[in-house]
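Visitor: In case you want the letters, here they are:
There are 2 protein chains.
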Amino acid sequence: MEIKKFSDFCEQVLPDFNQFLNDRLNSEIKQETLKQAMLYSVNAGGKRVRPMLFLAVAYSSGVKLKDLPKYFDIAGAIELVHTYSLIHDDLPEMDDSDYRRGKLSNHKKFGVGPAVLAGDGLLTQAFYWIAKSSLNTDKRMAAVRILSHNAGPMGMVAGQMTDITMEDKVLSESELTTLHKEKTADLLMAAITMGAFCADHELSKNLVLYAQDVGLAFQLKDDLDDCGDDEDADKNTFPNLIGKKATETKLNELVKEAFNAVLKEDKFDKNLLVSFLDYFKE
Amino acid sequence: MEIKKFSDFCEQVLPDFNQFLNDRLNSEIKQETLKQAMLYSVNAGGKRVRPMLFLAVAYSSGVKLKDLPKYFDIAGAIELVHTYSLIHDDLPEMDDSDYRRGKLSNHKKFGVGPAVLAGDGLLTQAFYWIAKSSLNTDKRMAAVRILSHNAGPMGMVAGQMTDITMEDKVLSESELTTLHKEKTADLLMAAITMGAFCADHELSKNLVLYAQDVGLAFQLKDDLDDCGDDEDADKNTFPNLIGKKATETKLNELVKEAFNAVLKEDKFDKNLLVSFLDYFKE
Chain A
1 MEIKKFSDFC
11 EQVLPDFNQF
21 LNDRLNSEIK
31 QETLKQAMLY
41 SVNAGGKRVR
51 PMLFLAVAYS
61 SGVKLKDLPK
71 YFDIAGAIEL
81 VHTYSLIHDD
91 LPEMDDSDYR
101 RGKLSNHKKF
111 GVGPAVLAGD
121 GLLTQAFYWI
131 AKSSLNTDKR
141 MAAVRILSHN
151 AGPMGMVAGQ
161 MTDITMEDKV
171 LSESELTTLH
181 KEKTADLLMA
191 AITMGAFCAD
201 HELSKNLVLY
211 AQDVGLAFQL
221 KDDLDDCGDD
231 EDADKNTFPN
241 LIGKKATETK
251 LNELVKEAFN
261 AVLKEDKFDK
271 NLLVSFLDYF
281 KE
Chain B
1 MEIKKFSDFC
11 EQVLPDFNQF
21 LNDRLNSEIK
31 QETLKQAMLY
41 SVNAGGKRVR
51 PMLFLAVAYS
61 SGVKLKDLPK
71 YFDIAGAIEL
81 VHTYSLIHDD
91 LPEMDDSDYR
101 RGKLSNHKKF
111 GVGPAVLAGD
121 GLLTQAFYWI
131 AKSSLNTDKR
141 MAAVRILSHN
151 AGPMGMVAGQ
161 MTDITMEDKV
171 LSESELTTLH
181 KEKTADLLMA
191 AITMGAFCAD
201 HELSKNLVLY
211 AQDVGLAFQL
221 KDDLDDCGDD
231 EDADKNTFPN
241 LIGKKATETK
251 LNELVKEAFN
261 AVLKEDKFDK
271 NLLVSFLDYF
281 KE
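Protein chains in written order, with our numbering: chain A, 1 to 282; chain B, 1 to 282.
Misleading hints may appear alongside valid ones.
Stretch-level coverage of chain A by chain B, calculated; a stretch enters the list once three of its residues show a Cβ under 8 Å from a Cβ in chain B [what the hints assert, rightly or not]:
(1) 130-139
(2) 143-150
(3) 162-176
(4) 246-259
(5) 262-276
Please keep in mind that the hints were generated in silico from the structure rather than gathered at the bench. Backbone N, C-alpha and C fix where the C-beta goes; we use that ideal spot for every residue, glycine too.
Using the sequences plus the hints, can you model the full thing?
Guide: Written out as structure tokens, the structure reads:
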């Protein structure tokens, strides 16, 4: 593999991928308000971690750099689903966030009704992009299955429901792990497993373990980064439940386990996925 | 074909289909609040017109009555998408409806946050059901493509956005036709064209014309049924725009055109689709 560092990979791929997202939505969506609202959140400064992980897995499985654009519609579908989930999460009756990454949240900019619809539009269009991909039908079908399973009421949506209905209740460590798995880890896991499927890489136990660890680590890092934030003092998070120190230990263990899992992988270039783990050391 | 009347067809098929919807959601959805909220609206008294049209097209294309259950997951996907759209439409910042078919709307029963999530869950699960169907991959892929195209931001979601953002503006007849096509007709058209694809019936111009006419007729009948309802006095509807009489004429023309289109169809049993048109004469 030419590229060994995840950050270098993103630097190479992101400009074209961002262009793709914008061109595609601009050409497909005719309803002006809907287009603006969808594009606003797609371009709200996300790091594109999920689609980049998907593409990195494909690349590490042997897809050439020049062939990666063939995978952009499926990578894009993952980013559309992630973006929809943020818009709906920010709504007044959910997390009630007026800002996201320093910009007005979608419903503050466009109103609650349009924000609900922008989310609905992004979620549905994700499946349209998969359907229109040039990959063969079996790969596209696997992508539809994995994405809908992990992002829907058996995954992310279930986690979000637990989150908003259990706000006033202190969860046990195992309940909290389930919540994080569903709400955050499942979509990251989908990105990684979809990458393997789309690149004909046989999905191994090690890659699944890596995906699970990375998914949960993601939520722990997020909660640690927000530590000390008064708003989060009552939230169901690991720092609030077991303390900051114990959460850091847990995070390090997950990253180590992910590292060991990917090292055992032998039909696969390990560099990018190992390098991605630096994300958790920042 | 054994069954010639659409109402007889529904009587034969609906009990098993309703059982299927409930069994499937009950077994798949583990998050209790989410399951209750999704099932509440799925069982809120809908007539299942869209999935029954889908199954009727499959049946009219030669699928035997005993084989129809193989098509239930795709029929179910259509009903899940329809149900999600009603839940989100009823939200306070959309149509703000406290009741639907005499029962509390989903957000009145469960709260706005859970209702948004119930809708998100139904929409995503629809694609999971298609992915898990036992039909071959090409048929499943066509179903994903048609459903996401017609129900998403290039179809139903676009129509809904126009509806809520243009509430205070009087639309022209052509703008209103576009709105109705997107908001109502596109999902009905999806049901009919998906039925043809799934049953290996070559999609003809006549069937597409039938689907378009039925889709628009559906909205006109709905608006005529609501005529005299004070709440609707300011809404963008054909009765408000061109008058009740002219709307009735337009509806009759559409039904006649749909009838003529289906009569020209020759690789296809016409009975059920002709009989379905009785719906507009009630």
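Visitor: Going back to the hint list, which numbers does this structure go against?
Guide: Hints 4, 5 are the ones this structure does not satisfy, whereas the remaining hints hold.
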